[in-house]
Amino acid sequence: MSRTILVVDDEKRITSLLKAYLGGQGFDVATAANGKEALFVARQEKPDLIILDLMMPEMDGYEFMRLHRKERETPIILLTAKMEEDDKVLGLELGADDY
1 MSRTILVVDD
11 EKRITSLLKA
21 YLGGQGFDVA
31 TAANGKEALF
41 VARQEKPDLI
51 ILDLMMPEMD
61 GYEFMRLHRK
71 ERETPIILLT
81 AKMEEDDKVL
91 GLELGADDY
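Residue 85 in my numbering is what sits at position 85 of the sequence shown, and the numbering runs on without skipping anything.
Rather than coming from a laboratory, the hints here were simulated on the basis of the structure.
All clues given are correct.
Once the Cα atoms are required to be at most 20 Å apart in a straight line, the calculated PhoX-like pairs of lysine-lysine come out as:
#1 K19 x K46
#2 K46 x K36
#3 K36 x K12
#4 K36 x K70
#5 K46 x K70
Just the calculated beta-carbon pair ranges, DEER-fashion:
#6 K36 x R13: 19 to 25 Å
#7 E11 x R69: 22 to 28 Å
#8 R13 x I77: 17 to 23 Å
#9 E45 x D97: 14 to 20 Å
#10 E58 x S16: 17 to 23 Å
#11 Q25 x K70: 29 to 35 Å
C-beta: ideal position from N, C-alpha, C; glycine also.
Based on the sequences and whatever the hints tell you, model everything.
Here you go:
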């Protein structure tokens with residue numbers, strides 16, 4: 001049985017690259033361009049892992065984690081350009097498993 005990874009990023013080139021690489025490794029890959037779309041996709045696909053950007057339009061990654069964690073405990077890896085210590089702490093406090 002294939003495992004599903006949800007990649008959430010508003011930069012299409014990043015989602016395309018990760019989808020191609022992870023798909024080539026045998027994973028099913030779903031994508032979303034913002035947190036709002038990601039909530040919908042996560043409810044439908046029930047991914048085994050989420051790779052999440054923080055800075056996105058409509059709903060950022062922080063708000064996505066707040067809402068998603070009320071429903072599921074899917075492992076989340078943050079993939080973001082935000083490198084400040086406060087950003088890391090907040091991301092991990094909201095439920096990210098790695099930064």
